[in-house]
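Enquirer: Residue-level listing of the chains:
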Amino acid sequence: MSARLRRLWGMIRKESLQILRDPSSISIAFIMPVILLLLFGYGVSLDAKNIPLGIVIEQPDTATQSLAGAFDRSEFFHPQRFGAIQEAQQALAERRIDGILWLRNDFSSRLLSGNEAPIGVFVNGVDSNQANITKGYIQGTWLAWLQHFAVAQGRALDLPVAMEQRIWFNPALSSRLFLVPGLIAIIMTMIGSLLTAMVVAREWERGTMEALMVTPLHMGEMLAGKLIPYFALGMGGMLLSVAMALYLFDVPLLSPFWLLMLCSALFMLVSLAIGLLISIVTRNQFLAGQVALVVSFLPSFLLSGFLFDIHSMPEWVQTITYLVPARYFVAILQTLFLAGPVWPVVLVNAGAMLLMLAILTVLVVKKSYKRLD
Amino acid sequence: MSFFHILSLARKEFLALMRDKRSRIIIIVPPIIQLFIFGFAATYDLNDVPVAVYSEDRGGASRELLARIEGSPHFSILHQISSDAEIAPLIDDRKVLLVIRLGQRFSADLQRGDPAPLQLIIDGRNSNTAMTALNYLRDVVLDFNREWQHGHGQTGPPVKLEMRAWYNENLQSRWFIVPGIVGSLMLVVTLLVTALSVAREREQGTFDQLLVTPLRPVEILIGKAIPGIVIGLLEATLIIVLMVWFFEVPLRGSIPALYLGILLFLIATVGVGLMISSIAVTQQQAILGAFLFIVPAVILSGFTTPIANMPEMVQWLTYLNPLRYFLVIVRGVTLEGDGFALLFHQFWPMAIIAAVTLILAGWLFRHRMY
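Chains as they are written, first to last, in our numbering: chain F, 1 to 373; chain D, 1 to 370.
Hints were generated in silico from the structure; no laboratory data involved.
Keep in mind that a hint or two might mislead.
[Stated by the list, open to error] Here are the simulated DSBU-like pairs of lysine-lysine, each with C-alpha atoms no more than 30 Å apart in a straight line:
#1 D/21 / F/49
#2 F/367 / F/14
#3 D/21 / F/366
[Claimed, not checked] Beta-carbon label-pair distances, calculated as ranges:
#4 D/234 / F/27: 33 to 43 Å
#5 D/68 / F/110: 21 to 31 Å
#6 F/214 / D/312: 29 to 39 Å
#7 F/343 / D/340: 56 to 66 Å
#8 F/90 / D/320: 26 to 36 Å
Using N, Cα and C, we set each Cβ at its ideal position, and we do this for glycine too.
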């Protein structure tokens with residue numbers, strides 16, 4: 001074995017022992033993904049079911065009963081009856097219900113005399129996305145009922161233009177199928193940068209950096225020696241997350257496994273390099289931890305396109321998202337899992353990650369030198 | 001308990017935190033930057049959804065419908081295609097989200113009074129985006145139908161919906177998300193400041209010295225809690241002013257109720273932070289602990305996705321999360337115009353969390369086994 005390899009091996013061995021003896025690193029790599037994926041996988045859902053809906057019928061008769069029945073049967077709503085609109089509005093203000101359907105006392109008479117009968121609908125708009133979904137479900141139930149009502153009266157419903165939609169990749173529009181692959185990207189960003197954010201800072205703070213400096217170890221060997229064990233640890237966590245996505249959350253994987261792992265390894269290297277850079281620049285565990293948190297969790301959560309559509313953000317924010325590595329990985333993961341190996345998507349995003357890795361490597365090498373200030 | 005003791009410890013904590021220029025910056029600058037970036041970034045509203053049109057019909061009706069879709073701020077038609085084979089590559093590569101297909105007889109069917117199908121193919125990879133886009137499109141089509149029937153002497157559907165949204169009348173995502181960002185940022189800053197305070201002293205060995213001073217554990221607890229609460233209060237005020245002035249989120253409710261909420265939330269957060277800090281032996285463990293609390297707390301707070309959609313068991317878990325209550329308070333006061341009465345059930349759980357975590361932290365100061 002050449003001297004260089006032996007030195008590198010020694011460093012890897014030292015770091016690995018340090019990892020094995022301090023349970024916190026292992027728990028970051030293995031316990032955190034499990035807990036986070038369980039929490040996120042079950043906790044983050046945009047599929048509204050059993051929306052509490054207040055129904056006010058001022059004059060019950062067959063027409064109003066059939067309309068209310070359509071809402072009772074829908075799996076999206078959990079209707080409650082209120083005697084008067086004031087009671088329902090009070091319940092809406094107290095957040096006991098999310099919406100109100102109000103059939104006034106002239107509803108049936110207008111309907112039967114051929115006038116347009118209005119239904120008053122109120123939704124709590126605070127959560128605008130939930131309100132939009134609720135609105136869509138109410139419209140859908142209403143349209144279905146109109147159809148039913150027209151047929152019962154022996155005529156066809158005249159809707160000039162009817163939408164016929166086909167949804168690709170995720171026909172049931174289950175939010176879990178797109179959220180779980182995105183979550184893997186977020187969890188791995190946090191784990192990758194947190195794992196390494198403190199490793200160099202710790203050596204500086206404890207004064208063991210000076211001890212390392214007097215060894216014949218080159219800076220490059222030291223960095224590689226620190227990275228390799230953490231890379232192995234991170235990829236272990238990655239495998240665990242993918243296994244959970246496939247077997248626990250039943251997300252389909254429509255691409256070859258090796259491609260997924262290759263892209264993941266590239267992303268893991270980028271995350272580790274970011275953590276390492278933070279660690280080298282701050283030389284202080286408090287700062288390193290703070291910075292790692294600030295640059296990993298919230299940006300990857302909000303700016304990666306995992307939850308919020310990047311295309312709809314203002315231009316200048318879209319520019320910032322190019323700096324968030326999770327952005328590329330989320331695009332790759334959602335495509336690899338749900339759509340298959342679409343090469344233009346994979347190559348463009350992997351290329352971007354490769355470029356980031358190159359820039360980060362140059363920065364890490366430039367910022368790390370053996371010197372005491 | 002001596003007021004002087006507490007004050008001098010609090011003073012020392014402030015100095016330890018503020019002495020380092022980089023620590024000063026990291027407490028103040030990132031939250032403000034994040035408020036701005038995330039305030040603009042985090043929106044469920046869609047603008048300029050890329051659309052491709054495959055129209056085999058050259059009639060006036062189809063052109064009018066397409067003009068309406070193009071005229072909506074939500075859609076922009078980027079591609080005109082002329083064969084089925086072009087659809088898949090556009091959607092697969094994410095060039096467009098939606099393909100609209102109009103058959104040859106679209107306008108003719110409409111003129112004759114037959115139903116004319118509007119075929120849509122949509123990328124469901126992000127199910128929420130897909131659903132939102134379909135909802136926008138349905139509004140456009142319903143409008144078109146109403147006017148078409150009006151203009152052609154047909155009777156419209158016998159029942160119509162009159163939709164009104166309360167509190168957030170135009171259903172702007174920003175009004176929902178920005179108050180949530182306020183809570184999340186306060187949580188991150190306060191927790192990190194306090195989580196490291198005891199762990200740093202333990203790692204450096206100065207905590208033992210602190211324990212042998214005349215300071216009693218209660219005094220240490222309060223002295224360590226004060227900086228986090230003061231910094232949190234200042235930061236909250238700054239962020240709320242920016243939220244109202246810059247993001248134009250209304251402030252319709254009672255400001256004293258909001259501040260009571262902020263104070264209780266900060267004390268509960270500081271309690272959690274000190275508890276983590278006294279369990280941790282090293283700063284690394286403290287940061288990890290803070291992290292393991294912050295991430296689930298943000299996810300399970302109703303910040304971006306509704307608590308009502310979570311499974312029952314996870315919903316029970318959210319009752320342990322102070323952020324859950326605080327977000328209801330911030331949104332209640334800003335958007336819904338709530339006062340003390342409607343928010344009472346958010347105040348007391350935070351007070352209980354604060355009491356339990358602070359007592360545990362104080363106990364752990366002395367009884368932590370090495």
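Enquirer: Checking one constraint from the list: CA of residue 21 of chain D to CA of residue 366 of chain F, max 30 Å. Satisfied?
Expert: Holds, because 24 Å separates the two Cα atoms, which is no more than 30 Å.
Enquirer: Just to be careful, I want the Cα atoms of residue 367 of chain F and residue 14 of chain F compared with a cutoff of 30 Å; is the pair within it?
Expert: Cα-Cα ~23 Å, so holds.
Enquirer: Is the distance from the Cβ of residue 234 of chain D to the Cβ of residue 27 of chain F consistent with 33 to 43 Å?
Expert: 34 Å, holds
Enquirer: Is 26 to 36 Å respected by the C-beta to C-beta distance linking residue 90 of chain F and residue 320 of chain D?
Expert: 29 Å, holds
Enquirer: So does residue 343 of chain F sit 56 to 66 Å from residue 340 of chain D, Cβ to Cβ?
Expert: 59 Å, holds
Enquirer: Could you tell me whether the CB distance from residue 214 of chain F to residue 312 of chain D stays inside 29 to 39 Å?
Expert: Distance hint for residue 214 of chain F, residue 312 of chain D is violated at roughly 59 Å.
Enquirer: So if I understand the rule, the pair passes when the alpha-carbon distance is 30 Å or less; does residue 21 of chain D with residue 49 of chain F pass?
Expert: Outside the cut-off at roughly 50 Å; violated.
Enquirer: Given the range 21 to 31 Å, decide if the beta-carbon distance of residue 68 of chain D to residue 110 of chain F lies inside it.
Expert: 29 Å, holds
Violated hints, listed in ascending order, are 1 and 6; each of the other numbered hints is respected by the structure.
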